[in-house]
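Q: What follows is the residue order along each chain.
2 protein chains.
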Amino acid sequence: MLDSALHRQIEAISAGEVSATELTQGYLQRSQRDNPQLNAFLSIDPEGALVAARASDLRRTKGEALHPLDGIPYALKDNIDVAGHVTTAGMATRRERVAEADAAVASRLRRTGAVLLGKLHMHEAALGADGDNPHYGRCHNPHRQGYTPGGSSGGSAAAVAANLCSFALGTDSMGSVRIPASYCGVVGLKPSYGRVSQRGLVRVSRRLDHVGPLARSATDLPLLFQTISGVDHQDPNSRSVPLAHAEVHGRRLRVGHLADLHTYGVDDSVRTLFDAAVAQVGDAIGATEPVQIADYDFARTRRAGLLLCEAEMLVEHAADWAQRRDLFSPRLAAMLEFAEGRSASDLIAADRALDGAVLLLRKILGEYDVLLTPTTPQPAFAFDTPVPSNQADLTSIANFAGTPAISVPMGITADGMPVGLQAIGAIGSDLLLMALAERFEKLRAENT
Amino acid sequence: MLDSALHRQIEAISAGEVSATELTQGYLQRSQRDNPQLNAFLSIDPEGALVAARASDLRRTKGEALHPLDGIPYALKDNIDVAGHVTTAGMATRRERVAEADAAVASRLRRTGAVLLGKLHMHEAALGADGDNPHYGRCHNPHRQGYTPGGSSGGSAAAVAANLCSFALGTDSMGSVRIPASYCGVVGLKPSYGRVSQRGLVRVSRRLDHVGPLARSATDLPLLFQTISGVDHQDPNSRSVPLAHAEVHGRRLRVGHLADLHTYGVDDSVRTLFDAAVAQVGDAIGATEPVQIADYDFARTRRAGLLLCEAEMLVEHAADWAQRRDLFSPRLAAMLEFAEGRSASDLIAADRALDGAVLLLRKILGEYDVLLTPTTPQPAFAFDTPVPSNQADLTSIANFAGTPAISVPMGITADGMPVGLQAIGAIGSDLLLMALAERFEKLRAENT
Numbered sequence: 001m002l003d004s005a006l007h008r009q010i011e012a013i014s015a016g017e018v019s020a021t022e023l024t025q026g027y028l029q030r031s032q033r034d035n036p037q038l039n040a041f042l043s044i045d046p047e048g049a050l051v052a053a054r055a056s057d058l059r060r061t062k063g064e065a066l067h068p069l070d071g072i073p074y075a076l077k078d079n080i081d082v083a084g085h086v087t088t089a090g091m092a093t094r095r096e097r098v099a100e101a102d103a104a105v106a107s108r109l110r111r112t113g114a115v116l117l118g119k120l121h122m123h124e125a126a127l128g129a130d131g132d133n134p135h136y137g138r139c140h141n142p143h144r145q146g147y148t149p150g151g152s153s154g155g156s157a158a159a160v161a162a163n164l165c166s167f168a169l170g171t172d173s174m175g176s177v178r179i180p181a182s183y184c185g186v187v188g189l190k191p192s193y194g195r196v197s198q199r200g201l202v203r204v205s206r207r208l209d210h211v212g213p214l215a216r217s218a219t220d221l222p223l224l225f226q227t228i229s230g231v232d233h234q235d236p237n238s239r240s241v242p243l244a245h246a247e248v249h250g251r252r253l254r255v256g257h258l259a260d261l262h263t264y265g266v267d268d269s270v271r272t273l274f275d276a277a278v279a280q281v282g283d284a285i286g287a288t289e290p291v292q293i294a295d296y297d298f299a300r301t302r303r304a305g306l307l308l309c310e311a312e313m314l315v316e317h318a319a320d321w322a323q324r325r326d327l328f329s330p331r332l333a334a335m336l337e338f339a340e341g342r343s344a345s346d347l348i349a350a351d352r353a354l355d356g357a358v359l360l361l362r363k364i365l366g367e368y369d370v371l372l373t374p375t376t377p378q379p380a381f382a383f384d385t386p387v388p389s390n391q392a393d394l395t396s397i398a399n400f401a402g403t404p405a406i407s408v409p410m411g412i413t414a415d416g417m418p419v420g421l422q423a424i425g426a427i428g429s430d431l432l433l434m435a436l437a438e439r440f441e442k443l444r445a446e447n448t
Numbered sequence: 449m450l451d452s453a454l455h456r457q458i459e460a461i462s463a464g465e466v467s468a469t470e471l472t473q474g475y476l477q478r479s480q481r482d483n484p485q486l487n488a489f490l491s492i493d494p495e496g497a498l499v500a501a502r503a504s505d506l507r508r509t510k511g512e513a514l515h516p517l518d519g520i521p522y523a524l525k526d527n528i529d530v531a532g533h534v535t536t537a538g539m540a541t542r543r544e545r546v547a548e549a550d551a552a553v554a555s556r557l558r559r560t561g562a563v564l565l566g567k568l569h570m571h572e573a574a575l576g577a578d579g580d581n582p583h584y585g586r587c588h589n590p591h592r593q594g595y596t597p598g599g600s601s602g603g604s605a606a607a608v609a610a611n612l613c614s615f616a617l618g619t620d621s622m623g624s625v626r627i628p629a630s631y632c633g634v635v636g637l638k639p640s641y642g643r644v645s646q647r648g649l650v651r652v653s654r655r656l657d658h659v660g661p662l663a664r665s666a667t668d669l670p671l672l673f674q675t676i677s678g679v680d681h682q683d684p685n686s687r688s689v690p691l692a693h694a695e696v697h698g699r700r701l702r703v704g705h706l707a708d709l710h711t712y713g714v715d716d717s718v719r720t721l722f723d724a725a726v727a728q729v730g731d732a733i734g735a736t737e738p739v740q741i742a743d744y745d746f747a748r749t750r751r752a753g754l755l756l757c758e759a760e761m762l763v764e765h766a767a768d769w770a771q772r773r774d775l776f777s778p779r780l781a782a783m784l785e786f787a788e789g790r791s792a793s794d795l796i797a798a799d800r801a802l803d804g805a806v807l808l809l810r811k812i813l814g815e816y817d818v819l820l821t822p823t824t825p826q827p828a829f830a831f832d833t834p835v836p837s838n839q840a841d842l843t844s845i846a847n848f849a850g851t852p853a854i855s856v857p858m859g860i861t862a863d864g865m866p867v868g869l870q871a872i873g874a875i876g877s878d879l880l881l882m883a884l885a886e887r888f889e890k891l892r893a894e895n896t
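Those protein sequence lines, which keep their order, are chains F and C.
Just so it is clear: in the first sequence, position 255 is 255 by this note's numbering, and no numbers are missing.
Just so it is clear: in the second sequence, position 119 is 567 by this note's numbering, and no numbers are missing.
Just to be clear, a hint being listed does not mean it is correct.
What the hints assert, rightly or not - For each label pair, taking beta carbons as the anchor points, the in silico distance ranges come out as:
hint: 1; chain 1: C; residue 1: ARG773; chain 2: F; residue 2: ARG352; range: 42 to 50 Å
hint: 2; chain 1: C; residue 1: ASN685; chain 2: F; residue 2: ARG97; range: 31 to 39 Å
hint: 3; chain 1: C; residue 1: GLY594; chain 2: F; residue 2: ARG352; range: 36 to 44 Å
hint: 4; chain 1: C; residue 1: HIS515; chain 2: F; residue 2: ILE412; range: 53 to 61 Å
hint: 5; chain 1: F; residue 1: ASP320; chain 2: C; residue 2: ASN685; range: 30 to 38 Å
It is worth saying that the hints were derived from the structure and are not from the lab.
Beta carbons: idealized from backbone N, C-alpha and C, even for Gly.
Model the full structure from these sequences, guided by the hints.
A: The following block contains the structure:
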């Protein structure tokens, strides 16, 4: 039952086949065994989790379950505040920084009665994707020790893939939910901008930050998405985002797929799987047409997106940066120092540069309901090999544009590592993307 | 007919009581007479206007009118591009800067068959509100020569108030439509953020810029608003903003009015009119309750808003600033130099500071459908007297928060100058605000 998808666990717990306490104990024992090697959890709270699980079981006994998720064990990326818990954000400066209040998404999950197991590994300050944290060690890919789980939500993807929890939340500013989902072989969603509150996150960038769920099956994402989303009047960036119709069956979807993959430095191993995935989608869901991306400078836009993050982190971490600069890794310090040398108008120019992604995706998504791309140009790589500079190019477009995007596993490379298929849709098409991912997941299951 | 409200002119033109050519000639003759003293128009295009008017009359004769506005003479603030016309933005650097394409709003108006008379006076670069342009001279208030019309859309309000056109468009980044509407005794709307395209404006700030209509009667705003608004896929800031129900009759509106006006430096003359307006609204439309504004630092937020504008103008005018700095007024140059000395993280901090207005208005507009305030703390002032520093405090909140806001005349001070009543509503309540303004306008007409 620990390895099952969330919806199976919900069925089992509500049928009385398993208790919240059993599930929680199971995951705690497995983490005790596996986490020392994997390092997906930065902190585990066995006492708190077991108290919550027993309270959930008592509610179930009385027929007073709060929500389908009542009693389901989950974990949060460690840049999401939970009252009374430390939020490290993967930073040495924050080892003892206890949150006073729940983040909006943590509060929403708390109200369901779900059981928080602990907080998950992440790239230092969420700005990077190699899973190698200089303060908290490496989080390993469950598919191969010594390989990155991706990031920055590497612990979230690794914990879900290694069956150390039922589901997890991550955050995604340039691809930080989808990249580790791709590398670890799980599903991950970056919702439409503003649909999920940013309140209570250790912020990377107001324009780019999104909280998103990770799970073992695409079937589980809509429930998680609906649970964490909704207008939050205390978050100035929260907004009403009407959701479009989500029917995949019964209508021909207009699907485009990224052409000329070599242009984006996509590995042959990934291209092979992507071609097969596109063919499967084309057969089953709708004809897919090749889409070229023109007039979009990936390197320049990436640099602009990074400046937004770096400059905002100078504000977010201002006190620590002033007082304990020695506790910042040389890599992060160099990024912040770069931003210190940039002017207000440099930032305006960077913000404007990101508009290229907005216009690009509006054009493509005016012609197609969905754009398919590989989530990552390559599978997970070994630690101590150079980090590919194009790692977030295919994911970050959706952050720049505020559109939803999903990563769903599309197969295993000849070398044995998973990679994800990304689907990007117009703002408000979150449910459609999840329905498409679920359909694709079922197609793959039928064909294997 | 030249002095009539737009809806009366539309009735007359469609009934054949007046032709587009007659209206256009009338306004051109009146401008020839009055504009040298008023200086509301920076440029007038008699030939183009008459050609357009004759074409409109021909369409009307054939029963092929394009739109209710077909043949109606109007004018645009001179920071809105019209293909083939110079867009000065009130700047000396741009005296010969011919636009290649229509701004989105200009294009929408062109398609209605309305007749463009010319381009209107504005504060240099739209960053200021005293109507005193060092390069293009002073625009005077039609109610008193030697007094400011307000700004930055001073020419727009003055031309509408002096009956030199049927309606005008302005732009509003801190209050630049509503302040001159208040000072000149006309109505002006700042729509919900993103509802009207920013494409083709000389930009002040992507977060704060809004195009809005000015007219002599609140009855005329909905048509103008609907004509210029709608999603523009070529404007990265354009977005779908669903509009709320607009019924004012038949339901009790929850109306709040700003209390403790002395706190905001509101003149006694304005307070007297505001108290009377609030009482009228209370009697006729709904009980109104006093609203206090707490935890909001006007001076700090104003400074933050200005930095957003100044930094973006460094990018918007980068080439001119590099090559012809001598053509910038000392006042504008000082503002841009201030921004040059600010860092990327200063700008992030300023952007965050504006969120105080978002949260403040969400809280108030969670309790009330509408918040009433004076539009301006004072009536128009004489040139060569100090510009009040609080001039935009009551209007800029709505820019910072992205909410719609309207200014409708609420009376004439004992000294003989008009001032406006401002109504602010939640995002998407544009139609409600216009309906409320129309109702208030009718109440005042009945009572005088």
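Q: Any hints this thing doesn't respect? Which numbers, in order?
A: 1
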